[in-house]
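These two chains come separately, so use the hints to put the complex back together.
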Amino acid sequence: MVEFWVNVFLISLLVVITFYIIRLRSLIAVVALSGAYSLTAAAIFVNLDAVDVAFTEAAVGSGISTILFLAALRYLPLEEAHQTRYSGLSLSLCTIVALMLIFAAFALPDFGDPNAPAHIHVAPRYIEESYPLFHIPNVVTNVLASYRGFDTLGEVVVVFTAGIGVIILLTGSTLSMRFEKTENALDQKSKTSKEEA
Amino acid sequence: MNVIYLILSNWNFIAVIMLMMAGLYIVISNQNFIKKLVGLSIFQSSVFIFYISIGKVSGGTAPILTGIADTIYSNPLPHVLILTAIVVGVATNALGLALVVRINEAFNSIEEKTLLSHKIEDSRHEFEKGDSWK
Numbered sequence: 001m002v003e004f005w006v007n008v009f010l011i012s013l014l015v016v017i018t019f020y021i022i023r024l025r026s027l028i029a030v031v032a033l034s035g036a037y038s039l040t041a042a043a044i045f046v047n048l049d050a051v052d053v054a055f056t057e058a059a060v061g062s063g064i065s066t067i068l069f070l071a072a073l074r075y076l077p078l079e080e081a082h083q084t085r086y087s088g089l090s091l092s093l094c095t096i097v098a099l100m101l102i103f104a105a106f107a108l109p110d111f112g113d114p115n116a117p118a119h120i121h122v123a124p125r126y127i128e129e130s131y132p133l134f135h136i137p138n139v140v141t142n143v144l145a146s147y148r149g150f151d152t153l154g155e156v157v158v159v160f161t162a163g164i165g166v167i168i169l170l171t172g173s174t175l176s177m178r179f180e181k182t183e184n185a186l187d188q189k190s191k192t193s194k195e196e197a
Numbered sequence: 001m002n003v004i005y006l007i008l009s010n011w012n013f014i015a016v017i018m019l020m021m022a023g024l025y026i027v028i029s030n031q032n033f034i035k036k037l038v039g040l041s042i043f044q045s046s047v048f049i050f051y052i053s054i055g056k057v058s059g060g061t062a063p064i065l066t067g068i069a070d071t072i073y074s075n076p077l078p079h080v081l082i083l084t085a086i087v088v089g090v091a092t093n094a095l096g097l098a099l100v101v102r103i104n105e106a107f108n109s110i111e112e113k114t115l116l117s118h119k120i121e122d123s124r125h126e127f128e129k130g131d132s133w134k
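So the protein lines, in turn, are chains A and B. Sequential numbering of the first sequence, starting at 1, is according to the working numbering. Sequential numbering of the second sequence, starting at 1, is according to the working numbering.
Excised from the complex, chain B in its bound form (with noise of 0.2 angstroms):
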């Protein structure tokens, strides 16, 4: 009983690890380019919940002053941190996109095991021209 209680009223912070490792592993063993950056922006908000869960008080409300006294409010200050946050990763989500538009273009795929290999050629390309030369 005494663990249920502990794991429900941690939950916030375990689901948020789990979010964050769930979008770490997207990043790191997935080939697509779009599903790294979705698992990027995973990364992204797990952490803008967490702050969030941290400026949670209970029994607050929004921090918006009613005028009425002995109200409790939650903090405000990690909301000012997390509104800046989101704008920013938009912006890197369409960097990250307007790349990965880029890189189709040039070689005509968005997995990296068939970019990776794209290079083997290209270089053993190279190579054999500049031993021609010779």
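Isolated chain A (complex conformation) (with noise of 0.2 angstroms):
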């Protein structure tokens, strides 16, 4: 019962969180504030038995994200330049939608029923089976290396391909970019060949 009312605690903690962050214009403090609404999801996670989730969600969403996000704004202007309008075809698409999913929401499986589902498919072989087959007592770490290999390369791809992006967006040898630093050194050169002659 503790688990389930601070589950609600947290939950409810993070929708102030969001309201907060649509409100308030000084970047730093909505960067902050994301920061803690990952901070808050990992206590979530760690409430929902998902330590492995959490441990990342901790380290990589609320460490490394708030770091990125601060770097940038080291080159950015830091307030919002515009008051913002809140725009009432947009609020009510938003709201539509939300009445919407929550109509369907009631449809599914209660939360926390163990015979939802997602809970008798492939699961309990999971559990069953992977400490006799590879002798790795986590399961989570154990599906991931070991059923799901192919997932994580996967995942190794676009990391390297983000970090390829980033590389070349921030180091500004675009095509253009080359072109116009190119044409700029043949004219120096002509220039200087001219100077010479």
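Bear in mind the hints are in silico, worked out from the structure with no lab data behind them.
Cβ pair distances, simulated, as ranges:
#1 A/G163 x B/L116: 27 to 33 angstroms
#2 B/G67 x A/E3: 20 to 26 angstroms
#3 A/G149 x B/E105: 38 to 44 angstroms
#4 A/H135 x B/S58: 28 to 34 angstroms
#5 A/V16 x B/V3: 18 to 24 angstroms
#6 B/K113 x A/A71: 22 to 28 angstroms
#7 A/E128 x B/S58: 19 to 25 angstroms
#8 A/E3 x B/I7: 16 to 22 angstroms
#9 A/H82 x B/G67: 55 to 61 angstroms
#10 B/E112 x A/E128: 49 to 55 angstroms
We treat Cβ as the ideally placed atom computed from N, Cα and C, and that holds for glycine.
Now the structure itself:
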């Protein structure tokens, strides 16, 4: 029962944090709040028995992500320029979609129901079979590495591609810029050769 | 009483939907690109919380085998999927931030409205230039 109320409290906290993220204009405050959001989410994950996910969320989501945002803000203006106008169209769109989704959510299996379809398909096999096969007590690590290694390979590919993209964007050697640079270099060469002549 | 019970027992799902729509609202209505990225990550983590909520079994513990018979474990599969998704989410964030920094270098602004007016001025400028050539 305590678990349940802690869960309700933490998730309500997330909603409050999101409300302030919408309202605040200082970008540093927004980034700090998004870090707090990730940390609260990590606490929720611990409460919902997902300790490995909580680890990752606390280290990567709340740590590295916030640092990346702050590092980018170093080169950016720190305030929103325009006063946020509450646009009626997007607000009503979001409200309608939210109502439809909440209506659909009541058809989901109950929260924590052990007979939900998600729990009776392949999960019992992982829990029973994985230890005799691979001798790793942590089922999540085991499934990640032994059963679904290709997922992790795909993840590595995605992170690698994102890294290449960031390097290309930030070192500024895009195609057009390279042309400009070579043209400038050629101009200077011709100038110097003329001067020499 | 019954309604309150229904809402509280489904509170995870309802709050996740509210968070998701708040993220969507930030993305489509806010002008600032950094705030848009924060909204995107809120949207993402709401989906993470949804998955983990589905993986929860009441009375269960974390899926690390204890060796004690008849222990109930939560479903490990959503945890595995979300572990991958979190890392991919940070990679997307990094790419988006690099784009925003470049946009600020090129146009000296990260507000959508200012950028759009830039674009209109640029095309008008080019049009006038082309006209004078005739």
